[in-house]
Amino acid sequence: MTPVLEMENLSVHFANRHGAIAAVREATLTVLPAECVGIVGESGSGKTQTFMAVMGLLSGGACAAGSVRFEGREILGAPASELNRVRGSKLTMIFQDPMTSLTPHLKVGIQLAEVLVTHSHMSWREAEKAALRALERVRVPEARRRLRQYPHELSGGMRQRVMIGMSLLCDPSLLIADEPTTALDVTVQAQIMDILRTMRAESRMAIVLISHDLGLVAGLADRIVVMYAGRVVESAGAADILGRAVHPYTAELLKCVPNLRGPRLERMPSLAGQAPGAASPETGCAFAPRCPLADERCRSERPVLRDAGVAAHQAACHHPLPA
Amino acid sequence: MIRYFIKRLAGAVPTLLIIITAAFFLIRSAPGGPFDQEQTLPPEILANLQTAYGLDLPIWAQYGRYLGALARGDFGPSFKYKDFTVTELIGQGFPVTLQLGALALILALGLGLPLGTYAALHHRSAADHAATSLAVVGIAVPSFVMLPFLGLVFGIYLHWLPVAGWEPGSIRHLVLPVIALCLPPLCIIARMTRGSMLEVLRSQYIRTAHAKGLPLRIVILRHALRPALLPVAGYLAPAVASIMTGSLVVESIAGLPGIGRYLVQGALNRDYTLVMGMVIIYSALLIAMGLAVDVLYAWLDPRIRFGR
Amino acid sequence: MSTIHRLRSNAGAALASGVIVLLVAIAVIGPWFNPNNIESLDWAHVAASPGLTGAHWLGTDRLGRDLFARTLEGIRVSLAVACAASAISLSVGIAYGAVAGYAGGRWDQLMMRFIEVLSGLPLIFFVIFLTVIFGRSRYLLFLAIGAIGWLTMARIVRGQTLSIRQREFIEAAVASGAGTGRIILRHVVPNLLGPVIVYATLTIPQIILFESFLSFLGLGIQEPHASLGTLIAEGAGEMEAAPWMLLVPGGVLAVLLVCLSIVGDGLRDAMVGDAGEAT
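Chains as they are written, first to last, in our numbering: chain A, 9 to 331; chain B, 38 to 345; chain C, 16 to 294.
Calculated directly from the structure, the hints in this document are not laboratory data. Everything numeric in this text was worked out from a predicted model, so none of it was measured. A few of these clues could be false.
As the list claims (entries may be wrong) - Okay, the calculated beta carbon distance ranges per label pair:
no., chain 1, residue 1, chain 2, residue 2, range
1, A, S89, B, L195, 26 to 34 Å
2, B, L258, A, S211, 29 to 37 Å
3, B, G232, C, F48, 38 to 46 Å
4, C, L208, A, G85, 46 to 54 Å
5, C, L177, A, Q282, 48 to 56 Å
6, C, L208, B, R239, 32 to 40 Å
7, C, W122, B, E236, 21 to 29 Å
8, C, A29, A, R93, 48 to 56 Å
9, C, G209, B, P51, 53 to 61 Å
10, C, W122, B, L104, 41 to 49 Å
11, A, S131, C, G209, 36 to 44 Å
12, B, E236, C, A29, 22 to 30 Å
13, C, F48, B, I208, 42 to 50 Å
What the hints assert, rightly or not - One side only, chain B facing chain A, incomplete, derived with CB under 7 Å:
no., residue
14, T122
15, T124
16, G250
17, L251
18, R263
Note that CB positions come from ideal geometry on N, CA and C, so glycine has one too.
So that you can see chain A by itself, here it is in the shape it has in the complex:
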């Protein structure tokens, strides 16, 4: 089975006055068709920039190195004309803040229809009909009226549904969802996750779900990839990671997820310290300053991602936690 997405040693650097800042360091991961991969990490872990690089949406001062293959074709560094063939049709992305992600002066219907007019070469009339169907699919109430409205007339949750609908118009192979619920109310969050789940069941679409919330990701992902300071530190099946995390960082993250069924806690656990900034140089393991198991080797020698003994479970650690 050709993986939908194959990323090998992807690195992203920003150049500024003081030198180069590495946002993503040699990230390697694969997404299979119809699979849902969750990417988990704190702010600054590089999870968003990784997929900005995949979509060719890096801002001007950034450069990416490595290899990214979508459905077998190399897309990293491809010119815009080539990228535009897959972007928006087979490879789509939805963003964190629905308030600012839609063009304020264009009606919702136009923003939906233009995807179809551009990629499927439909007429505007046909495209508008398809847009209506898409809105109904993501359960936007009064869809016909919404098509003629401007984004600021819709609520945040509705806007995010529009974004989802927009990304599904051309039956994509891969949908990248970057923190789709972070800017929304908790109740709306659940609705959006529900829609994603339904969409996935209805098609053979693969999803990459990026979030800082491990709990949220666990509800949908088949596999989970954990990133820290620009690197992939653990990668395994969702059930595996949730049951027995191997990397100390993941273990700490798991402790932070509130659990209704566990014993009552006196105070919420949290991770001490802060993730290193992208500008700091790497000596040894980036997590060492906050890791309870860190030793001299951890501080001087950077661990590489390798098998952790169990099938399809990898971690970058000198002292992986026992099974």
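Starting from the known structure of chain A, arrange chains B and C on it as the hints suggest.
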């Protein structure tokens, strides 16, 4: 939309009235009468002249007469150009000035917008730097310096275009004046467009547009252009004011028989009615432009229409 | 990066200020080196073209007056008028803005409304209007020219005053019984210095421009004095026969305005850098 326009129109009319009234009373309160510069006239003739021009009536009556005449489009007789009424002079001069100003505005927008967009798209390139530096010169050098320079180069040395003069329907005589007049606003519009386009291109919704696989042309024209135009729309009224001001000098240098030249002559000759008429026309034009800009603003950004 | 640091690293602004200083220096010192003065009529060399070896370095005009000397005077007159008028508009603007900002409430609204109405009208028409009524007078000229720039200055000062007013040290001053006038003078004004300086630098070229414009039209500086505007007007009339009469004062004015504009931009960028990025 219509309601918005009518509301703004209702606000504009009183402004114009205030200007007319203020102008009228200011003029009447000036020391000396309009006939002061003439050689001393025998009192009977002076009295006749006063009656003829209505200057012996109480001031409120004069005001009323003036407003009434205005409503009929009559600006009164020119005090210096004895054979013409101000209305006639306006009629002669307005088309010329309108041609000059409209062409300058169209050029400033028509060239400034694309140039600014191009500079934004090729940010930090050599062309961008060169254009930005040239723009500084274009903005700072006034039209009354630029026009003679242009005339010197293109008229006298290269013999391509006439330096001054005017023939009805002639384009050649308009070329240099229009260029000199449109350069400052053109450079300002280009610089403004470049800046606001750069900012708009950094927005999230532009990122979404790219993520949708839309070609660059569509991203710019459909998604980026309208919001980028907002500051330029705000500059339109000052641009027109700048073109109007510039036209005074450009018409004088190039010998174009527009209302600008009449205004300057009127000022030097102390021709009251002429100056009043011209000031009213210019004010009305400015107010109309202000209105047009407001409507344009509302169209560009739907959020304004909803009273946000 | 402090403002001064940012300014110094701006190569364009540095060069431009150098040019301005050079021009002013020449204008002031030049007459000592020039054998000719502004009024003498040299009938032997009427409308002579420039030549560094000749009697008149930059040529003469229709009446045989030395162009170099007249241009230098033009620079002096233009700058003098600009500085004087700037001082007037600065004082009026600061006073007006400080009072409006400090008074607040309805007075503030009223005063700002007045400014709004005035800003809409191009000043030139107002000046022409007044010229018709009152004839050409030197006082009118100064008044009109000083009327440029006080509007923007008033607005800025009022904005700053409003924000300063809220701050604690004003409350302390009021609590200690200081009178309103004293508060404005001692506390509000010193904090306005930064933005005021920037906009003063931006107003000077505007004033020079306006004065040249008026003089060009014949409504400004009168004979025998000449500002750059009057010289350009004369030059424009003699363009075909004696182009240097136009090129010299025109070129000087253009250079002066461009350099002032670059310096003003540089200053503004340097100050804005405190708050956000300059584009």
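Checklist line | CB-CB spacing for A29(C) and E236(B) relative to the 22 to 30 Å hint | finding: Because 28 Å falls inside the window, the suggested range holds.
Note to self: Under 7 Å is the threshold here; is the Cβ of T122(B) close enough to any Cβ of chain A for the hint to stand?
What the structure shows: violated, 48 Å
Note to self: Hint T124(B) vs chain A: min CB-CB distance below 7 Å?
What the structure shows: violated, 44 Å
Check: Given a hinted range of 41 to 49 Å, is it respected by the beta-carbon distance of W122(C) and L104(B)?
Finding: violated, 33 Å
Margin query: For the hint 26 to 34 Å, verify it against the beta carbon of S89(A) and that of L195(B).
Written below: violated, 44 Å
Note to self: Taking 36 to 44 Å as the stated bounds, is the beta-carbon spacing between S131(A) and G209(C) within them?
What the structure shows: violated, 59 Å
Checklist line | Beta-carbon spacing of A29(C) to R93(A) - inside the hinted bounds 48 to 56 Å or not | finding: 50 Å Cβ-Cβ, so the 48 to 56 Å window holds.
Notebook entry, point to check: Quick one: are W122(C) and E236(B) within 21 to 29 Å, going by C-beta?
Noted result: violated, 36 Å
Check: Regarding the hint that L251(B) lies at the interface with chain A, is the smallest CB-CB distance below 7 Å?
Finding: Check passed: Cβ of L251(B) comes within 6 Å of chain A, closer than 7 Å.
Next item on the list: State, for the Cβ atoms of G232(B) and F48(C), whether the hinted interval 38 to 46 Å holds or is violated.
Entry: holds, 45 Å
Next item on the list: Return holds or violated for the Cβ distance of L258(B) and S211(A) against the range 29 to 37 Å.
Entry: holds, 33 Å
Checklist line | I208(B) and F48(C) - C-beta distance against the hinted 42 to 50 Å | finding: Cβ of F48(C) to Cβ of I208(B): about 49 Å, so the range 42 to 50 Å holds.
Taken one by one, the earlier hints fail for this structure at numbers 1, 5, 7, 9, 10, 11, 14 and 15, listed in ascending order.
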